[in-house]
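Each chain is listed here by its residues.
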Amino acid sequence: MLNKLYDWVDERLDITPIWRDIADHEVPEHVNPAHHFSAFVYCFGGLTFFITVIQILSGMFLTMYYVPDIENAWQSVYYLQNEVAFGEIVRGMHHWGASLVVVMIFLHTLRVFFTGSYKKPRELNWVVGVMLFGVILGLSFTGYLLPWDMKALFATKVGIEIAASVPVIGETIKILLAGDSTILGAQTLTRFFAIHVFFLPAALLGLLAAHFIMIRRQGISGPL
Amino acid sequence: MSNNRVSRRQFLGYTLTGVGGFMAAGMLMPMVRFAVDPILQQHEGGDFVLTDQAVADITEEPVRVDFSFEQTDAWYVSEVTNSAWVYKEGDKLIALSPVCKHLGCTVNWAGDPEQPTQFFCPCHAGRYEKNGQNIPGTPPLGPLDEYEVQDQDGFVAIGAVRDNTLV
Numbered sequence: 001m002l003n004k005l006y007d008w009v010d011e012r013l014d015i016t017p018i019w020r021d022i023a024d025h026e027v028p029e030h031v032n033p034a035h036h037f038s039a040f041v042y043c044f045g046g047l048t049f050f051i052t053v054i055q056i057l058s059g060m061f062l063t064m065y066y067v068p069d070i071e072n073a074w075q076s077v078y079y080l081q082n083e084v085a086f087g088e089i090v091r092g093m094h095h096w097g098a099s100l101v102v103v104m105i106f107l108h109t110l111r112v113f114f115t116g117s118y119k120k121p122r123e124l125n126w127v128v129g130v131m132l133f134g135v136i137l138g139l140s141f142t143g144y145l146l147p148w149d150m151k152a153l154f155a156t157k158v159g160i161e162i163a164a165s166v167p168v169i170g171e172t173i174k175i176l177l178a179g180d181s182t183i184l185g186a187q188t189l190t191r192f193f194a195i196h197v198f199f200l201p202a203a204l205l206g207l208l209a210a211h212f213i214m215i216r217r218q219g220i221s222g223p224l
Numbered sequence: 001m002s003n004n005r006v007s008r009r010q011f012l013g014y015t016l017t018g019v020g021g022f023m024a025a026g027m028l029m030p031m032v033r034f035a036v037d038p039i040l041q042q043h044e045g046g047d048f049v050l051t052d053q054a055v056a057d058i059t060e061e062p063v064r065v066d067f068s069f070e071q072t073d074a075w076y077v078s079e080v081t082n083s084a085w086v087y088k089e090g091d092k093l094i095a096l097s098p099v100c101k102h103l104g105c106t107v108n109w110a111g112d113p114e115q116p117t118q119f120f121c122p123c124h125a126g127r128y129e130k131n132g133q134n135i136p137g138t139p140p141l142g143p144l145d146e147y148e149v150q151d152q153d154g155f156v157a158i159g160a161v162r163d164n165t166l167v
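Taken in sequence, the protein lines are chains F and G. Everything in the first sequence is counted per full-length UniProt numbering, starting at 1 for the first residue and increasing by one. Everything in the second sequence is counted per full-length UniProt numbering, starting at 1 for the first residue and increasing by one.
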């Protein structure tokens, strides 16, 4: 049944080459943990992506209940965690995944560094990877404010002051982030929400695409 | 002259690039101006807020004076209470902001028992002289901000915050 459906579509659209290009690729022995267990270090990039997918999915579902408004943000988080079925699980996935994705991206970076995989011809992919690291840290920073509790508020106050310590343009960055030169309030929350949910994920998806296209073009780096 | 003639292909290329540029700018300009609006907003100087601290009770020792005012945060209006460290220098009233210039924590007068004549920030041990001057070697990079301050009928009134004028 499924085969017939596939053949019907394939006959008309010739989709086999498309998914072959995506799915069919060489996995050399030295990166396969089934051959050498120590090759598990090559899994960190894939694990980073796996957790990123969980973050995107759980985040999409969290916005069904969350409101980025200073009067109601904390209540909505409290409600979705304690009143909604599986709310603790879904928020927990997003909460713990947020930390884990940073850990994984760090381990992935270490592996790329210590295997020398960043060297020619893969320099550009390292650069894109550093940008991805920055975007992930930006997502962590902006997401931290959204529950609008004391910890979030004061962490963001400190974070914005750090941004403001940039020479010359620091004050501008601060106002651009906070939405006001002195108040960390209603406009800060809506801005951080917009950045967390739309701007940075868009950048993240674009950079991820570039990251994956490059690794597919260049193949996995050779053994040590 | 004939060497510099613009071919039909070039002309179309320039025209399409120009029109495309205008269309892109027409889309982006409103969005960018929308996003940077907080930077370009004008802030009028705040009014003086009357506190219930009698000027006569102020000495040369800084005391914490709380003051409440109505704060408008875009569409959200609320009653906010801030505080200032107020003391007298001769007859002159001085009010310093308690916001640490390192990362924005709240500083206390004599908060460190070993430095009874300095402001102290508990977060990263930043210290300031009585006039707000940051102590070299501690984290803050600048002096404490200063409030405009007035004597209104014997009570302290606090105005807008500004850069420190004492150091």
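Treat the hints with care, since some could be wrong.
[Said to hold, decoys possible] Stretch-level coverage of chain G by chain F, calculated; a stretch enters the list once three of its residues show a Cβ under 8 angstroms from a Cβ in chain F:
no. : segment
1   : 33-39
2   : 136-147
[Said to hold, decoys possible] Here's a subset of chain F near chain G, in silico, CB distances under 8 angstroms, partners left out:
no. : residue
3   : 22
4   : 24
5   : 33
6   : 157
7   : 172
8   : 180
9   : 181
10  : 185
Please keep in mind that the hints were generated in silico from the structure rather than gathered at the bench. Glycine included, each C-beta is placed from N, C-alpha and C at the ideal position.
Against the structure, the hints:
As drawn, the segment 33-39 of chain G meets chain F at 4 residues by the rule of a beta-carbon pair under 8 angstroms; at three or more, the given contact holds. With 1 residues carrying a beta carbon less than 8 angstroms from a beta carbon of chain F, the segment 136-147 of chain G misses the three-residue requirement, and the given coverage is violated. Interface hint status for residue 22/F: violated, as the beta-carbon distance to the closest one in chain G is roughly 32 angstroms, over 8 angstroms. Nearest Cβ of chain G to the Cβ of residue 24/F: about 39 angstroms, over the 8 angstroms cut. The hint is violated.
Because the beta carbon of residue 33/F sits about 44 angstroms from the nearest beta carbon in chain G, more than 8 angstroms, this interface hint is broken. Against a cut-off of 8 angstroms between C-beta atoms, the interface hint on residue 157/F holds, since the closest Cβ of chain G lies about 5 angstroms away. Contact between residue 172/F and chain G, as hinted, is supported at the beta carbon level, the nearest pair being about 6 angstroms apart and thus within 8 angstroms. At about 6 angstroms, the closest approach between the beta carbon of residue 180/F and any beta carbon in chain G falls short of 8 angstroms, and the interface hint on this residue holds.
The beta carbon of residue 181/F comes within 7 angstroms of a beta carbon in chain G, closer than 8 angstroms, and the hint placing it at the interface holds. With a cut of 8 angstroms, the hint placing residue 185/F at the interface with chain G holds, because the nearest CB-to-CB distance is about 4 angstroms.
Hints 2, 3, 4, 5 from the earlier list are contradicted by this structure; the remaining hints agree with it.
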